[in-house]
Amino acid sequence: MDDESVLWEETIEPGATWSHVLKRGTSLRIVDLEGGANVGAIFYNFDCPAERYNMADTLKAQHIARLTEGCVFYSDMGRILCSMIKDTAGWHDPISGCSDAALVLQKYGEARYQQHRNNCHKNARDGFLIELEKWGLGARDLTPIVNFFSRVRVAEDGGMKFEPDNSRAGASIELRAEMNVLTIFNTCQHPLDSNPRYEPKPVALTVRKVCVPGSDDPCRVSRPENQRGFTLTERYFL
Amino acid sequence: MATKTQLEESRRSAKRAVYREVVPAGEPWIRVIHRGQFFRIVDLEGNQAADTLFYNAHDYSDRYSAQDTIRAQQNVYLTTGTRLISSGGNVLLTIVADTCGRHDTLGGACATESNMVRYAIEKRYMHACRQSFVKAAIQWGRGLSKRDLTSNINFFMNVVVTPEGGLTFEDGVSGPGKYVEMRAEMDVLAIISNCPQLNNPCNGYNPTPVEVLIWDPGSNPGADDV
Chain G
1158 MDDESVLWEE TIEPGATWSH VLKRGTSLRI VDLEGGANVG AIFYNFDCPA
1208 ERYNMADTLK AQHIARLTEG CVFYSDMGRI LCSMIKDTAG WHDPISGCSD
1258 AALVLQKYGE ARYQQHRNNC HKNARDGFLI ELEKWGLGAR DLTPIVNFFS
1308 RVRVAEDGGM KFEPDNSRAG ASIELRAEMN VLTIFNTCQH PLDSNPRYEP
1358 KPVALTVRKV CVPGSDDPCR VSRPENQRGF TLTERYFL
Chain L
14 MATKTQLEES RRSAKRAVYR EVVPAGEPWI RVIHRGQFFR IVDLEGNQAA
64 DTLFYNAHDY SDRYSAQDTI RAQQNVYLTT GTRLISSGGN VLLTIVADTC
114 GRHDTLGGAC ATESNMVRYA IEKRYMHACR QSFVKAAIQW GRGLSKRDLT
164 SNINFFMNVV VTPEGGLTFE DGVSGPGKYV EMRAEMDVLA IISNCPQLNN
214 PCNGYNPTPV EVLIWDPGSN PGADDV
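Line by line, the protein sequences give chains G and L.
Taken in order, the first sequence gives residues 1158 to 1395; the numbers are from my numbering.
Taken in order, the second sequence gives residues 14 to 239; the numbers are from my numbering.
Errors might be hidden in some of the hints.
Stated by the list, open to error - Keeping only pairs whose Cα atoms sit at most 27 Å apart, straight-line, the calculated DSSO-like set for lysine-lysine is: (1) L:K136 - L:K159; (2) L:K159 - G:K1180; (3) L:K148 - L:K136; (4) G:K1243 - G:K1366; (5) G:K1180 - G:K1291; (6) G:K1291 - L:K159.
Stated by the list, open to error - Computed Cβ-Cβ distance ranges for the label pairs, DEER-style: (7) L:E22 - G:E1267: 43 to 49 Å; (8) G:G1293 - L:L20: 43 to 49 Å; (9) L:T221 - G:G1192: 47 to 53 Å; (10) L:V31 - G:T1225: 49 to 55 Å; (11) L:Y138 - G:G1293: 29 to 35 Å; (12) G:A1361 - L:D72: 35 to 41 Å; (13) G:K1366 - L:Y138: 37 to 43 Å; (14) L:Q87 - G:G1293: 32 to 38 Å; (15) G:E1267 - L:H47: 34 to 40 Å; (16) L:N219 - G:E1166: 52 to 58 Å; (17) G:G1295 - L:P234: 41 to 47 Å; (18) L:P230 - G:E1267: 33 to 39 Å; (19) L:T107 - G:D1160: 53 to 59 Å; (20) G:E1166 - L:Q87: 36 to 42 Å.
By construction, these hints were calculated from the structure, which means they are not laboratory data.
Idealized CB from N, CA, C, for every residue including glycine.
Isolated chain G, as found in the complex (with noise of 0.2 Å):
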């Protein structure tokens, strides 16, 4: 990586909530530190938070029901908020959604502050619902989720099954912002993560100024499809 394209790193904790209004032209590496980790995300145009990341779209435009390298992250307006331009990963979950409240209290008992201090357990919706508020967004605007760094199998016959090895220590993804994108993530575990223990796993973060995709960009080009919501990415700013 080019040291002088980057604006900065942090670290995001286990169990947390970050947001940031990623903006067009600057990406974001995420890297997997221990293996293991989720990263659950969401996305919103910034400057019309009404247009929002919409998993069907996203899906049944690039015929896909796992994100790559390679894949974009369609808004519900036919425009590409933020592109994957690389992942050591190879798959992440894009269809099961997020914990809450019952599921971990469910799975991994009871933790509360009083006892546990900042240790105590959370669940991702709670996450999402409380960094919503902060921009002035709420319940309503919580549309599908993407799972970074997770996998769940589907069967012929539907079937869903979380695979436990999906991501090393080391594994990395990253997200080129096409539009001014406000992102959530949340560290918690994956909903259907087989591991018994409350065990999230923390993830570092680098943000770095980026060229904007050429006429040969590889997420581009993957597929005619794409060409377009690059198109009518590029007319919004025109």
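Start from chain G and add chain L according to the hints.
What follows is chain L alone, placed relative to chain G:
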């Protein structure tokens, strides 16, 4: 190929329904279904996608969640026995009968914007489900807006998730007269867009009407004690 299908016929008679309405292709339908009522959608001519949203009728921020529903049952397809889960963790409705076999909840609703991406920028002016959803929300009022249009169910639609992580739109598994029936577990607001999509096989390239029926609990003696 092994598929999750739970074919189950209903004992309810259309004659005993307290409400019946045919929804033509390309039109929205919106109505409250009360707790305990039974709600059936009939694919009258076959291969017709009925894009459907549900809300807690008393709190629209608590609404059908595709991700919570598939995670709760750990299966991506909807059929008899599936509990339709809200974003707040409530059971909105339960599918109690299904002569189609399975239904999609990952393919979403077609939109003029996604049609531009998927097919051609010139497709912008073709009618789409999200136009119908927005129209229904505006007409319904009561604070319902585009912010509330989230993940939907596509009844009668065959969207296949492959073990390799692919997603394909295949010819319908439905046929003329096939239906899906649900029991409302709480008061719910339902919105249907009878899909006008002409660019893929989800409607067999020929969008057709669906029929909606509602029964009160006990309005069809002998049918409820399944």
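Verification of the hints:
1. Straight-line distance between C-alpha atoms of K136 (chain L) and K159 (chain L) comes to about 21 Å, which keeps the hinted pair within the 27 Å bound.
2. Restraint check for K159 (chain L) and K1180 (chain G): satisfied, since their Cα atoms lie roughly 25 Å apart, inside the 27 Å limit.
3. The straight-line distance between the Cα atoms of K148 (chain L) and K136 (chain L) is roughly 20 Å, inside the 27 Å bound, and the hint therefore holds.
4. For the hint pairing K1243 (chain G) with K1366 (chain G), the CA-to-CA distance comes to about 15 Å; that is within 27 Å, so the pair holds.
5. Under the criterion of a C-alpha separation no larger than 27 Å, the hint pairing K1180 (chain G) with K1291 (chain G) is consistent with the structure, at around 19 Å.
6. Our distance criterion of 27 Å between C-alpha atoms is met by K1291 (chain G) and K159 (chain L), whose separation comes to about 21 Å.
7. One distance hint, 43 to 49 Å for the beta-carbon pair E22 (chain L) and E1267 (chain G), holds here, with the actual separation near 44 Å.
8. Range check, G1293 (chain G) to L20 (chain L): Cβ separation about 47 Å, and the 43 to 49 Å hint holds.
9. A beta carbon spacing of about 51 Å between T221 (chain L) and G1192 (chain G) agrees with the range 47 to 53 Å that was offered as a hint.
10. A beta carbon spacing of about 50 Å between V31 (chain L) and T1225 (chain G) agrees with the range 49 to 55 Å that was offered as a hint.
11. Checked against the hint of 29 to 35 Å, the pair Y138 (chain L) and G1293 (chain G) passes, with Cβ atoms roughly 33 Å apart.
12. Taking 35 to 41 Å as the suggested C-beta distance range, the pair A1361 (chain G) and D72 (chain L) conforms, at roughly 39 Å.
13. Between K1366 (chain G) and Y138 (chain L) the beta carbon distance is about 39 Å. The supplied range of 37 to 43 Å therefore holds.
14. Here the CB-CB span from Q87 (chain L) to G1293 (chain G) is close to 35 Å, well matched to the stated 32 to 38 Å.
15. The hinted window of 34 to 40 Å between E1267 (chain G) and H47 (chain L) holds, with their beta carbons roughly 36 Å apart.
16. A C-beta distance of roughly 56 Å is found between N219 (chain L) and E1166 (chain G), which places it inside the suggested range of 52 to 58 Å.
17. Remark: the range hint 41 to 47 Å for G1295 (chain G) to P234 (chain L) is upheld by a beta-carbon distance near 45 Å.
18. A C-beta distance of roughly 38 Å is found between P230 (chain L) and E1267 (chain G), which places it inside the suggested range of 33 to 39 Å.
19. At about 57 Å, the beta-carbon gap between T107 (chain L) and D1160 (chain G) stays in the expected band of 53 to 59 Å.
20. For the pair E1166 (chain G) and Q87 (chain L), the beta carbons lie near 37 Å from each other, so the given range of 36 to 42 Å is met.
When each numbered hint is compared with the structure, no violation occurs for any of them.
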